[in-house]
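Colleague: Okay, here's what each chain looks like letter by letter:
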Amino acid sequence: MSTSAAPIDASIEARVRREVERAIQRNVKGVQYLRSSDPVMGATPKDVIYRRGTLQLYHYRPVASEIYRVPIVMVMSLVSKAYIFDLGPGQSLVEFLINCGFDVYMIDWGTPRPEDRRLRLESYVLDFIPDCIARVQVDSGEPDVSMVAYCMGGTLGVMYAALHTDGPLKNLACFTTPVNFEGMGLHRQWSDRRYFDVDRLVDTLGNVPPEMLYSSFEMLRPVQRIAGQIKLWDNMWDDEFVRSYRMFDRWGADQVPFPGECFRQTTKELMWENRLYKNELELNGRRVDLHNITVPFLHVMAEHDHIAPFAATKELSTLVGSADKQDLVLKGGHVSLVAGPNAVRRMWPALDAWLSVRSV
Amino acid sequence: MWREWIVQSERQWNKFFNDVMGTDQYNQAMSRFMDIYLNGQKTLGEMMGRYLTGLNVATRSDVLAIGERLAAIDDRLTAIERHLGSPSGTDEASSSPASTAARPPRTRRPPAPAKG
Numbered sequence: 001m002s003t004s005a006a007p008i009d010a011s012i013e014a015r016v017r018r019e020v021e022r023a024i025q026r027n028v029k030g031v032q033y034l035r036s037s038d039p040v041m042g043a044t045p046k047d048v049i050y051r052r053g054t055l056q057l058y059h060y061r062p063v064a065s066e067i068y069r070v071p072i073v074m075v076m077s078l079v080s081k082a083y084i085f086d087l088g089p090g091q092s093l094v095e096f097l098i099n100c101g102f103d104v105y106m107i108d109w110g111t112p113r114p115e116d117r118r119l120r121l122e123s124y125v126l127d128f129i130p131d132c133i134a135r136v137q138v139d140s141g142e143p144d145v146s147m148v149a150y151c152m153g154g155t156l157g158v159m160y161a162a163l164h165t166d167g168p169l170k171n172l173a174c175f176t177t178p179v180n181f182e183g184m185g186l187h188r189q190w191s192d193r194r195y196f197d198v199d200r201l202v203d204t205l206g207n208v209p210p211e212m213l214y215s216s217f218e219m220l221r222p223v224q225r226i227a228g229q230i231k232l233w234d235n236m237w238d239d240e241f242v243r244s245y246r247m248f249d250r251w252g253a254d255q256v257p258f259p260g261e262c263f264r265q266t267t268k269e270l271m272w273e274n275r276l277y278k279n280e281l282e283l284n285g286r287r288v289d290l291h292n293i294t295v296p297f298l299h300v301m302a303e304h305d306h307i308a309p310f311a312a313t314k315e316l317s318t319l320v321g322s323a324d325k326q327d328l329v330l331k332g333g334h335v336s337l338v339a340g341p342n343a344v345r346r347m348w349p350a351l352d353a354w355l356s357v358r359s360v
Numbered sequence: 001m002w003r004e005w006i007v008q009s010e011r012q013w014n015k016f017f018n019d020v021m022g023t024d025q026y027n028q029a030m031s032r033f034m035d036i037y038l039n040g041q042k043t044l045g046e047m048m049g050r051y052l053t054g055l056n057v058a059t060r061s062d063v064l065a066i067g068e069r070l071a072a073i074d075d076r077l078t079a080i081e082r083h084l085g086s087p088s089g090t091d092e093a094s095s096s097p098a099s100t101a102a103r104p105p106r107t108r109r110p111p112a113p114a115k116g
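The listed protein sequences correspond, in order, to chains A and B.
Heads up, the first sequence is in the numbering used here, so the first residue is 1 and it goes up one at a time.
Heads up, the second sequence is in the numbering used here, so the first residue is 1 and it goes up one at a time.
Honestly, the hints are just simulated from the structure, not real lab data.
Hints should not be assumed to be uniformly reliable.
[What the hints assert, rightly or not] When the alpha-carbon atoms are kept at most 20 Å apart in a straight line, the in silico EDC-like pairs for lysine to aspartate or glutamate are as follows: (1) Lys42/B x Glu261/A; (2) Lys15/B x Glu303/A; (3) Lys325/A x Asp199/A.
My request is simple: use the sequences and hints to build the entire structure.
Modeller: In structure tokens, the structure reads:
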């Protein structure tokens, strides 16, 4: 009896000791948390090789002694800042890719200004993306380019690929890219044409304010913020958790305005009419037929994505005409798919494996 | 134990709110709220415009118009540049030493697949 009781006592003592130590650390580090400034993000060394309006095209400085032949162009969504690809050391997809030997460029759309309210899908798909890709070709000296695109950036990416079949695109990798907008869940319900007057919204405000977009994302998981703060307090002793929390929290709150005309077009043609999925979308009179895409195609989706739900993303590769195409469904959510410990373990190595053999 | 409770509660409350926010009644309420908000924005914009015009100062619309004209000029310059076949960038950063420095050779090969 006494022999088995001793280890139990020791175990209880160790747990009590650990909890007391953590409680002290929470208080000490909690004060530090309130006093410290935001972590630095998007700091991987880079050069701006092109600027146009708010758009900036970055080239990240290679670190490997030799790099793959085909450069990568990363395309971000229109509703969030691009530094989700480059959060911080050890949590940066860009850093991971350059360490793997890729030559990485990124299109950062910047923060649209009020005069950008007239930008449309055509502006991005038929002008900005081809313009940036031409700059990448010149800068890298390579005729071929791979594209890696996230969320709505992926939607722009597949539109570009479908309309530039004789272009320089060699590979296309999309993350959580919605194509069937009937699967967009609450966002589709909130934009129900019976109640949502998109014309009046855009005509009155010009660009859609970032606060409105932020609220719409927050409302998808209304209790997440409170629960997140409880988890933050519980893990305040853990420096790595706190650092990661602050980076994601800051990025999540750092929304950008959505160019008004593009929002009107997205709402009417994609959300209401689902034209991309139905093969009816036209940009400047040219039909965006996803079957025209023939380059190697990878689509990575998240099982528990609440922003671009699986129902909205799962059919993309069936619509793409490529013979070499692959779907990858990983555990995690919309953001944890591309950044954070989950991404480091799962998605990044999968992307490296897929791209490396196709980048020579 | 309590951590599991937090996770479960979060899930249940999120589902509850999502169910509420997915109803027609909620959409109607949001539509009315948006109506009031947009009316307020429009009225405020018009009042401010009249006030600034009275002071002989540029209004928001005037500044936007200038911004749009500048953007149009920017676009035309880009188109001319593209037409001339020199998309080397107008930005001074494109010729910075860091970007023009010798780059590693593009000879990298993927690692050989593991056997077994």
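Colleague: Taking the hints in turn, state whether each one holds.
Modeller: Hints, one by one, checked against the model:
A distance of roughly 18 Å separates the Cα atoms of Lys42/B and Glu261/A; the hinted pair therefore holds under the 20 Å criterion. This hinted pair checks out: Lys15/B and Glu303/A have alpha carbons roughly 17 Å apart, not beyond 20 Å. Our distance criterion of 20 Å between C-alpha atoms is broken by Lys325/A and Asp199/A, whose separation comes to about 38 Å.
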